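As you go down the protein sequences, you meet chains F and L in turn.
Going by the working numbering, the first sequence opens with residue 111, and the numbers climb by one from there.
Going by the working numbering, the second sequence opens with residue 22, and the numbers climb by one from there.
Everything labelled a hint here was simulated from the structure, so no lab data went into it.
All values derive from a computational prediction rather than experimental measurement.
Be aware that a few hints might be false.
[Unchecked claim] Once the Cα atoms are required to be at most 27 Å apart in a straight line, the calculated BS3-like pairs of lysine-lysine come out as: (1) L:80 x F:816; (2) F:763 x F:753; (3) L:110 x L:24; (4) F:223 x F:200; (5) F:778 x L:40; (6) F:778 x L:110; (7) F:778 x F:911; (8) F:906 x L:80; (9) L:40 x L:24.
[What the hints assert, rightly or not] Per label pair, the in silico range of CB-to-CB distance: (10) F:757 x L:57: 34 to 42 Å; (11) L:80 x F:878: 17 to 25 Å; (12) L:79 x F:809: 52 to 60 Å; (13) L:90 x F:848: 24 to 32 Å; (14) L:57 x F:973: 34 to 42 Å; (15) L:132 x F:879: 50 to 58 Å; (16) F:770 x L:110: 18 to 26 Å.
Just so you know, even glycine gets a beta-carbon here, dropped at the ideal spot from N, CA and C.
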Amino acid sequence: MVTFNLLILVSLAYVVFLFAVAFFAERRAQQGIAGWMRAPMIYTLSLSVYCTAWTFYGAVGYATRSGLEFVTIYLGPTLVMIGWWGILRKLVRIGRTHRITSIADLISSRFGKSTALGVCVTAFAVIGTTPYIALQLQSVTLSFDAFNGPGRADEQTLQSTAFWIAAGLAIFTVIFGTRNLDANERHHGVVMAIAVEAVVKLAALVAVGVFVVWGLGGGPLAMMQTIEASPMADLELQTSRWIGITFTAAAAFLCLPRMFQVMVVENADERHLGTASWAFPLYMMLMSLFVIPIAVIGLDLMPQGSNPDLFVLTLPLSQGREDLAMLAFLGGFSAATSMVIVAAIALSTMVSNHIVMPIWLSTQKDGATVSGDVRHVLLRSRRLSIIAILFLGYIYYRLSGGGTALAAIGLIAFAGVAQFLPAMLGGIFWRGATRVGALAGLSTGFIIWMYTMLLPSIGVAGVFPDAWMQGGPADLHWLRPQALFGIEGLDPVVHAVFWSLTLNTAAFIIGSMLSFPSPLERLQGAQFVNVFDHSTGPRGWSHTGAAAEDLMMMAQRILGPSEAQQLFQAEARRQGKGVDLPDPSPEFIDRLERELAGSVGGATAHAMISQIVGGATVSVQDLMAVADEAAQIMEYSNQLEAKSVELENTAGKLRDANEMLTALSVQKDAFLSQISHELRTPMTSIRSFSEILRDGGDLTRPERAKYSDIIHAEAIRLTRLLDNLLDLSVLENGQIDLELQRGTLRQVLDRALASSEAATEGLEITLDVTGAEDVIETDLDRLTQVFINLITNAAKYCTAKEPHLRIRVHEDGPIRHIDFIDNGTGIPQASQSLIFEKFSRLSDQAAAGSAGLGLAICREIMSKLGGEVRYLDGTGGTGFRVSLPTGVNIAAAAE
Amino acid sequence: MGKHVLLIEDEPNIIEAIKFILSRDGWSVDTHSNGANAIERVQSMRPDLVILDVMLPNKSGYDILRDLRDNPMTAKLPVLMLTARGQTKDRELAERLGVNEFITKPFSNSDILASVRALAGAG
Chain F
111 MVTFNLLILV
121 SLAYVVFLFA
131 VAFFAERRAQ
141 QGIAGWMRAP
151 MIYTLSLSVY
161 CTAWTFYGAV
171 GYATRSGLEF
181 VTIYLGPTLV
191 MIGWWGILRK
201 LVRIGRTHRI
211 TSIADLISSR
221 FGKSTALGVC
231 VTAFAVIGTT
241 PYIALQLQSV
251 TLSFDAFNGP
261 GRADEQTLQS
271 TAFWIAAGLA
281 IFTVIFGTRN
291 LDANERHHGV
301 VMAIAVEAVV
311 KLAALVAVGV
321 FVVWGLGGGP
331 LAMMQTIEAS
341 PMADLELQTS
351 RWIGITFTAA
361 AAFLCLPRMF
371 QVMVVENADE
381 RHLGTASWAF
391 PLYMMLMSLF
401 VIPIAVIGLD
411 LMPQGSNPDL
421 FVLTLPLSQG
431 REDLAMLAFL
441 GGFSAATSMV
451 IVAAIALSTM
461 VSNHIVMPIW
471 LSTQKDGATV
481 SGDVRHVLLR
491 SRRLSIIAIL
501 FLGYIYYRLS
511 GGGTALAAIG
521 LIAFAGVAQF
531 LPAMLGGIFW
541 RGATRVGALA
551 GLSTGFIIWM
561 YTMLLPSIGV
571 AGVFPDAWMQ
581 GGPADLHWLR
591 PQALFGIEGL
601 DPVVHAVFWS
611 LTLNTAAFII
621 GSMLSFPSPL
631 ERLQGAQFVN
641 VFDHSTGPRG
651 WSHTGAAAED
661 LMMMAQRILG
671 PSEAQQLFQA
681 EARRQGKGVD
691 LPDPSPEFID
701 RLERELAGSV
711 GGATAHAMIS
721 QIVGGATVSV
731 QDLMAVADEA
741 AQIMEYSNQL
751 EAKSVELENT
761 AGKLRDANEM
771 LTALSVQKDA
781 FLSQISHELR
791 TPMTSIRSFS
801 EILRDGGDLT
811 RPERAKYSDI
821 IHAEAIRLTR
831 LLDNLLDLSV
841 LENGQIDLEL
851 QRGTLRQVLD
861 RALASSEAAT
871 EGLEITLDVT
881 GAEDVIETDL
891 DRLTQVFINL
901 ITNAAKYCTA
911 KEPHLRIRVH
921 EDGPIRHIDF
931 IDNGTGIPQA
941 SQSLIFEKFS
951 RLSDQAAAGS
961 AGLGLAICRE
971 IMSKLGGEVR
981 YLDGTGGTGF
991 RVSLPTGVNI
1001 AAAAE
Chain L
22 MGKHVLLIED
32 EPNIIEAIKF
42 ILSRDGWSVD
52 THSNGANAIE
62 RVQSMRPDLV
72 ILDVMLPNKS
82 GYDILRDLRD
92 NPMTAKLPVL
102 MLTARGQTKD
112 RELAERLGVN
122 EFITKPFSNS
132 DILASVRALA
142 GAG
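With the hints as constraints, model all of the structure from the sequences given.
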């Protein structure tokens, strides 16, 4: 007797074996030596996720109830593989070209990346799949129970078994389903494990079948007779059910999320479909070959009331063949786990891509710009989704009580996902299909499916009251869930499938015809429908050499020849390929993409790489992303340009400043040189004459007096020069404090004339004054200084025979002009601007005895007082004009 | 009678001082106080020595020196330069132009006298 514990041990060992297989396959794939793992036979075997525990165990039970009808479940996919090969090829091509990640992605992408459709399909898929996952959990726990002898293990143990199975599957799926976020969503490890499980399933069923036919049935011939004699032979074939269920199975085969996952998403090479088109029907034929014998012998040998759904397991057990039973158990275990794993991966992809990500992105204010960030969120949401989906399945199993109600779930789920069919096929064959149509069709189909199939199945006593089932809601006869529009007599399954799909299709077509597609929808529609015109043909991994060459050429163009050469050679060395081109292993392609992204942006790099490696065409999204990048680059370059203009301006300013400093430095040198000269000249006289006096000798008294006078005069000259210099320096540095006083221009003029009386002997001065009595407020002493300077200048430099100075005061609005005009020779125009510069002397300095600082000082003073002094041209002599603003308010205040 | 010295200088007090010093030592001193016509004055006077100020009205002492050196008649004429701008580059410029002696103002009377004697006295 196999104990419960041993069974657990064997299951665990098997699971560990699967982990090892998946790990090994993943490792090989990462090293880029996938080779035989991408063989068409692996692909074909992976398609066997179609055969779940429901078909593994349930087909026998189905046969005991309905005879050959179970064959329809295999017939549908067979028809698809053989007859609808074109559809599959188109799906696979679209999937690869547009990097479709799930059936929700397919439908949403086709209809203009519609979020609503993505959410819809995802939700329906979860609703349709959860009971199915529960069914798998149930079948595994039931098989545990059967092994133990029914009723031996208590309810508690069974439920915890189911829980641990769910948890184990969650771990496996999280590890191998979200190991990396491949752009193509391929999971080599998982596919490999599924393929191994497919072999175990088939081997187990065939082994049991062989044992039954030859061991128990007495060989094929005897077996045939037994079958003929059994009551099952009398079961009538209902044509409508046959057609209905075959069609439903065919539709489900195309639309089931897990089938889409293995068939389209995990497909590595379109040509694998060719092999699968004959190999997979063969696989299903082998799976179904021994169903009837097992059913017949089971009914014959097993005690009345035993569950025919478990004959595969209990029949060998009852015959003492525990080894066979163990194999059968592992076969069922494989069937259940492979379905759950793939379904969880497919659903988690859909949930995270179409529900979690849109929500997350919309909560990100600035939009997710950091791709690593998105990756992180995506992976985490993927993992959480897997755990949630499996937990949901477990909860459903617990709530449904694990009863027989689950047995019907298989077909119901098939009919549910079949609702995707119109939108999917319409999307890839009819350009006129629109988002509105797809939404209308899908929702119509699902509502009718729920109303006619799902809800009634939950139990007549459950959701719908009996009266409702019999008489329709609110006595609306035509709304009876199993006889819509008064059409009675149809089998409930056929009825539900017929109405849901018919109305679904009708709503889809009408909705599409009444609505207008958006531009993006139209583009996507054309791309999907005409996928064979737009995309390149199959180009598998066998052409890696060519791909590597193409990659090299592209990399050279973008990175530059030497950089690309270096990159490829380093990789080739790492792969041990010497001078050959390296294999385009996933890591290498990843790295290359990153390198290229550094130069041309992420979206562009990705589009180019996938064009070469995956043969994918550049999609509209890619183009938009590329355009975005280009815009960003342009923006960046604009900014750079602005920066460079700014820099140029700054450099210009610096240049100007430097020139100014240089000029100032030159000026300073000239100034120092001038000062040196102005100081040394009087010093020279003083020293020389003082030496003469000191040496004594034969100097006459008048000589002595004269030389002493010279020394004295030069000393005074020196002192005055120093005074002026200090004065100018203070004025120029702006360090002076103006002593504001009130007075009239008349007072200032009088004071200036009085002070320069000694110096102006012989100069006739006339005053011509108006408005000089107004009170002004300014630094009166400084103004006096200016006036004295101008008056004494006239006295010094006027060369007329009868020198004459006219001082004129007149008003010009708020300005007072004070003109000093003599009858001298005037100053040539070219020199007029020079006279205010320091040390500028036009006439013979000997006559002046000054260093040429006077006018410079005047100019500084007037500028400090808010006025100006300038040369007055055209006066007939030498003229200067002092202009001073007189604040009206000041004048008024003084009155 | 001593030799002829031409003093080209525009500052009257300095003219007076140098004239006094040299005359007392027996030199005959003529003066010219403008840059213009200085060359002509030299050529007509043919002095044994020229004392030349740098900062003169109309024509600088450097220009005058260059013209003197360019003319074969005066190329060898001893020239003593006086300047109130005592920077090194002034001295360098003067030496490049072929000055015989360069004295910075203010000077000591004995220096002037010694230089004049050295330059013209030997002959």
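Consistency of the hints with the structure:
1. L:80 x F:816: Violated, at roughly 31 Å.
2. F:763 x F:753: holds (15 Å)
3. L:110 x L:24: Violated, at roughly 32 Å.
4. F:223 x F:200: Roughly 19 Å between the alpha carbons, so the hint for residue 223 of chain F and residue 200 of chain F holds.
5. F:778 x L:40: violated (35 Å)
6. F:778 x L:110: holds (16 Å)
7. F:778 x F:911: Cα-Cα ~40 Å, so violated.
8. F:906 x L:80: holds (24 Å)
9. L:40 x L:24: Holds: residue 40 of chain L and residue 24 of chain L sit about 13 Å apart, inside 27 Å.
10. F:757 x L:57: 34 to 42 Å: violated (53 Å)
11. L:80 x F:878: 17 to 25 Å: violated (42 Å)
12. L:79 x F:809: 52 to 60 Å: This hint is violated: roughly 35 Å between Cβ atoms.
13. L:90 x F:848: 24 to 32 Å: violated (55 Å)
14. L:57 x F:973: 34 to 42 Å: holds (36 Å)
15. L:132 x F:879: 50 to 58 Å: holds (57 Å)
16. F:770 x L:110: 18 to 26 Å: holds (23 Å)
Violated hints for the displayed structure, listed by number in ascending order: 1, 3, 5, 7, 10, 11, 12 and 13.
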